[in-house]
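Residue numbers (the working numbering), protein chains in the order written: chain A, 64 to 286; chain B, 48 to 689; chain C, 241 to 497; chain D, 40 to 265.
Worth double-checking, as some hints may not be accurate.
[To be verified] Across the chosen pairs, the derived CB separations fall in these ranges:
1. Asp-485(C) - Gly-107(D): 49 to 59 Å
2. Arg-479(C) - Lys-93(B): 38 to 48 Å
3. Ser-371(C) - Ile-175(A): 35 to 45 Å
4. Gly-55(D) - Lys-93(B): 40 to 50 Å
5. Pro-640(B) - Gly-46(D): 55 to 65 Å
6. Val-174(B) - Phe-210(A): 33 to 43 Å
7. Gly-55(D) - Asp-485(C): 29 to 39 Å
[To be verified] Computed cross-link-like contacts, DSSO-like style, restricted to lysine-lysine with a CA-CA straight-line distance of at most 27 Å:
8. Lys-420(C) - Lys-153(D)
9. Lys-420(C) - Lys-372(C)
10. Lys-167(D) - Lys-216(D)
11. Lys-216(D) - Lys-153(D)
12. Lys-153(D) - Lys-167(D)
13. Lys-247(D) - Lys-93(B)
14. Lys-153(D) - Lys-231(D)
15. Lys-247(D) - Lys-108(D)
16. Lys-247(D) - Lys-216(D)
17. Lys-153(D) - Lys-92(B)
18. Lys-92(B) - Lys-247(D)
19. Lys-247(D) - Lys-153(D)
20. Lys-153(D) - Lys-227(D)
21. Lys-420(C) - Lys-247(D)
22. Lys-216(D) - Lys-108(D)
What the hints contain is simulated information worked out from the structure, not anything from laboratory work.
Built from N, CA and C at the ideal position, the CB exists for glycine as well.
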Amino acid sequence: MSTESLVNKEAFAPEEPHDFGERWRVGALLLILADAAFVAALSFSFLYLRALDTQGSFHPGGTGVATLWWPWTVSAVMVLSALAYWTQLRGSFANGVAVSVAGMAVALVLTIVQMYQFPFTVSDNAYSAAVWIITAANVFHLALTVFLGLGIAIRRQRGANRGARDWHVRIVGIWYTWVCVAAFVGTLTISVANGTVGCPLAKDQPDPGARSVPSSSCSSSAR
Amino acid sequence: MTTADIYKTDPSPVAPHGGIMRRLNVGTGIIAGIVLAVVANVLAKKLADGHTHEPDVRAVFTMFGWAVGFLLGMGAFTGPFRWLVGRDLTHADELFLAGKDQGVGRYFRFTTDHKVVGIQYLVLVMVMLGAGGSMAMLIRTDLISPNSGFLGPQTYNSLVGLHGLTMILATIIMVTGPFGNFVVPLMIGARDMAFPRLNALSFWLLVAMLPILYSAAFLGGIPMGWVGYTPIADQGPPGVDAYMMAILVFAVSTAVAGMNITTTIVTMRARGMTWTRTPIFVYGVLASVVLALPAFPFFMAAELLLFVDRVMGGGFYVPNRGGQPWLYQNLFWLMGHPEVYVILIPAVTALMELTAVFARKPLFSFRIAVLSIIAIVGLSATVWAHHMFASGWAPDLNGPFMLTTEMISIPTGGLFLVILGTIWRGRIWTAFPMMCTYAMLWNFIIGGITGIYLSDVPLDYQLHGSMFVTAHFHYTLMGAGLTGAMGALGYWFPKMTGRMLGNTPAFVSFWLVQIGFNVTFLGMFMVGLQGQPRRVVHYDASFHTGNTISTLGAYCIGIGMLVLLYDVISSWRHGDLAPMNPWGAKTLEWTVPNPIPLENFAVLPVVTEDAYGYGEEPVPESEPEPVPASAGAEADVPGAPA
Amino acid sequence: MSVETTPADRQGRSRSEELKTLTILWAIFTVLGVIFALIVPHHLMGPSASNTMTEVERTFTMFSVASAPVAAVVWALAVYSLMRWRRRGAWKEGDPDGPPLRGHGMTSGIWIFLSSALCLFLLIWGLAALSKVDSAAASGATPLEIDVTGQQWVWTFSYPSQGVESDQLVLPVNRPVVFKVTSDDVIHSFWLPEMGIKVDANPGVTTSTSTVPDRLGLYHVRCAELCGLLHADMETNARVVTSDDFDTWIAGQGGHA
Amino acid sequence: MGKKLIGPIVTVLLGGAFVTVLGLLLHQSLSPAVAARVTAATPPSATEQHHVYVHLDTYPDSMAGEHGKDGGAEPDWVSYGPGTNINVPAHSLVTITISQYDGGEAITNPWFAKVHGTVGGTETVDGKPVTQIDPEAVGHTWTLHAAPTAQDPLFVSAPLPAVPDDAPIAAGSDYPKPIEVTFSFHTKGPGKYIWNCEFPCGDGYYAKFGGPMSTRGYMSGTFTVS
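Bound conformation, chain A alone:
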């Protein structure tokens, strides 16, 4: 079944770049849907384990909790980078793409440093493992984002994104927005879990990042 000489030269009817970009947009959104399910699964796991607190061991104390200002800072840097990217698309910020790539790279480095700074190891308990995996997911997202952003920057430099291929830029922009949302969801999950992580912990582990715990959430955790 060789395809030799079967190719009909007339078959290569030109395709509208617009249709092509539209197709890529649908594909990107679908991949983001799958990724969203993944992020939701991680978030659900964290909160579910938190709610069950099996054998009182979700976070029995003895190790610290993650400081919250760190992931929120990372999220903020990511949002600013995404804004820079989008403003360049609107035409009002000449070096927006470059700035956004730099910003995402900074966020990536910050997140990795954050993982080294955790006052616990991944194997301490379910809480530590859950914080670790959510942060690791963010690292993965950021690494992909830096790759995509770098690609767009290089391609702009080489002029490969002009004209018919400008949809690359827009689709990477969608991804930028999504990673910000994902980072926000992850950070929010950690915050919620931290805020209710249990009274003994809040007492013996005063942490600048941990919010004060309302008494109602103390009584609800079955200790």
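On the provided structure of chain A, position chains B, C and D as indicated by the hints.
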């Protein structure tokens, strides 16, 4: 698109013969995979020397190295790399990737042509079914007598898990892989899939997965069945790492394939192919992949958490560290029940498609068919906890989940209505594919009804974890799903290979398989009701009769499948040459010549009516296009009086 | 176009004949199904040893009886269509097509209505059976509490009020019994096949199930969740004895009644 | 006709051969059984024909077991020796002596620190009869279960005390002086049984039932009454 038409607007002056990518194939892939695996293994030994989890770290690193190296060696990352540096693939590159003028060699490369990928998937599925079937034969041989001692408990438990996983993975891809890739773009009048390179990637990821999966057999096996329940998975040997990595790779492949097929169907249907004119099989494939797209990440997350547990000592599933095995079960079944319909819907819709052709009648109540599929897709996301009735998790939710589970029988009944209505008063041609429809009607009604028993909570308390469940899901996944795939194979074989599937061996195989199947699993229902648990290497002597019946039936299936295998191979090699449209069907895939040219259609078709106009006056041409307008309503369509 | 070359009146007659034959086929299949449903499941599941199992067997039989006509409809239609409209020989170009029947509102409506009604019936039946099973042990005498521990690959049963531990399960007849089930390691599933109860033994959590054994005899405890190497051997005996024999056994084990 | 049949038949035969080869590769090859030493010429009782003796050892590693030179694939795994498959005659009195060389700690289920199913409900530890041992210092157990087939039920469980961690290494050996545990029980009719250790002593990350506990030939075996 294979064609880089778009690049005509922006030609890139790269030498047409340039690039290492033209030298890559499976061979380089395997070499690079092995090299990277070895490197990763050494690295892991350095990293985790003496650590508690050293064997797991090494196993995982090695497998990861293999997968990345294999894909690298195949050239899977050429496209993204060239994109990164701003040197997009040229038109010539794209044509090379599509396998232009490459003969048989293109089946062993990172070829993007959807027809090549479809054939690759078909072969892969047959290999996997063969592997899983061989394991089934061994399992049944062990169970031929109460304490046969043929396989030890360790081997047996591993085989049960690997058989289950192999078969589940094979059945997930058995319709959407071969036929979804080969047939769907033709059926909707497209030149290729939306993302041809991702198409190739989804296939080669599976090839990278298989050695990982079967390495489990050499790494101590898997002790926990295909569901991989924790915490026994936390306890298992490094074989569990293989299970875990295989699923991670598979989940990526599914996400990529699902996104690709969905985009293709949503954005690339031929002009005039509105949603009401889209063939039902396209709906089936779409429903399957749309369902898989958000479902499989849950499985992936479940395995990733297991990864943290096993490789880094996390505590997600370990109770005394605040973990909880129910978390795994929830994540798993959030994927696990939709997955049943991921398998079933495309198979059943393939049968609907061919039933209309072989009964020479329009599909009965197209609207109910579509609504049923949508309802099943919607409901299937809400029923997962019926697998956990007996787990003790949230007994208060048993009632609601019983409700949603039983509700799903209403749209399933709708699927039966559509097929029966199509058969009614048809001119039924009982060729091999049509016989599969009949077999499905018989098997699926048994599978469906026993499913209702299991949705009933008190009955489920008794039947859960017994052979009854095993028999039930084999009736749905094999009796309906695999039978549907076999029908689809018989139906589309002439288009995919250009040759007719031999008739007599197909008939012999059909009867052997179907009779063997019913004998096997009725025997299993029997011992299930008597109280035999699943996945036991030996059993109480009171279950002897039923098990012996099952084993004999299983041998019958095995022989039948081998006859079909012979038929496929021999017909493929020297069967009768197939005419362009041997069944007189009206869908678009039958309007292209055999063998199908690289870009499928010389001129893209424009659709003016749906593909089920059997016995109807053709709609008068309203389209002023110079194109032969039709959904295959060519002059060769029978029963259309001029 | 018309492939039915028959005149309208003949068609009307043939339609009623069709319906008649179909109904007969359906009736035959239904009767066969009901006979099967009434005899076979009960025979296979064996005599019940508890009120739960009685309920399970009744539900199973009921569902089988209720689904017999449904399966019969499908099979009758399939068989009839095959007998009546099967094409002899292969299809050739130019053969007439079947009638262009694209749907029939009434048929579809009835089909959907009936299947919904049946589904509702099964749901109500199931909920009723569930509440019956759940409340089984709540009535009657003070329930006997037994702590069940699964571990790889044995069961141990502890009678906390009696101060007895054993590898065998001994139950007094006609007294409600509550099992508190847990596991020392991986997930097991505590199954008393003859009594129709099953609940997973989860590490770190206690689940419970209850029943009232109502028949003397020797029964089985099996593990219904793959739990590793010797899963198949993880079973032991359950004896249902008279109240006096139970007290004797407790005393023999060094416990107190 | 003949020609048409050859292809399918050859395919079926090849497929069957493939599965057979696979089956033979996976077929459990039981290591040689530990034969019971039959001593008493005079039957121990009217119903029993033999009194048989079996001697087993438990080692903290696989060096001395049936796993071959240097402990086989997993030299660090704890194991029973000299073999794990035991053959005894039916309707006999079986006396098992276990030399226990391994240490241990608290058992998860204290019920298995007691002796079950032996003659008199006791075992002797270095000559002293006991009905249970300290659940905080269990080395292993030898626990026999009935397989789920129609054969006479047989349940025997004997705990083996842990050798203290600070015990001195015996002269001329790699191990400390073993603790000798002896117990007897009666076999009934012929049957195939399995036995294993119920003290979580395996490697493995979770619940310590992985590794040697979950692999044939280390901490579990078969017990055939014939």
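Hint check results:
1. Asp-485(C) - Gly-107(D): 49 to 59 Å: holds, 52 Å
2. Arg-479(C) - Lys-93(B): 38 to 48 Å: At 59 Å between Cβs, range violated.
3. Ser-371(C) - Ile-175(A): 35 to 45 Å: violated, 55 Å
4. Gly-55(D) - Lys-93(B): 40 to 50 Å: This hint holds: roughly 47 Å between Cβ atoms.
5. Pro-640(B) - Gly-46(D): 55 to 65 Å: violated, 29 Å
6. Val-174(B) - Phe-210(A): 33 to 43 Å: holds, 34 Å
7. Gly-55(D) - Asp-485(C): 29 to 39 Å: violated, 54 Å
8. Lys-420(C) - Lys-153(D): This hinted pair holds, its Cα atoms lying about 23 Å apart.
9. Lys-420(C) - Lys-372(C): Satisfied, since the Cα-Cα distance of roughly 20 Å is no more than 27 Å.
10. Lys-167(D) - Lys-216(D): Distance of about 17 Å is within 27 Å: holds.
11. Lys-216(D) - Lys-153(D): Given that 27 Å is the threshold and the Cα spacing comes to 23 Å, the pair holds.
12. Lys-153(D) - Lys-167(D): holds, 15 Å
13. Lys-247(D) - Lys-93(B): holds, 26 Å
14. Lys-153(D) - Lys-231(D): holds, 24 Å
15. Lys-247(D) - Lys-108(D): holds, 26 Å
16. Lys-247(D) - Lys-216(D): holds, 26 Å
17. Lys-153(D) - Lys-92(B): Roughly 43 Å between the alpha carbons, so the hint for Lys-153(D) and Lys-92(B) is violated.
18. Lys-92(B) - Lys-247(D): holds, 23 Å
19. Lys-247(D) - Lys-153(D): The given pair, whose Cα atoms are some 21 Å apart, holds under the 27 Å limit.
20. Lys-153(D) - Lys-227(D): holds, 23 Å
21. Lys-420(C) - Lys-247(D): Cα-Cα ~24 Å, so holds.
22. Lys-216(D) - Lys-108(D): holds, 23 Å
Checked against the numbered hints above, the structure violates hints 2, 3, 5, 7, 17; every other hint is satisfied.
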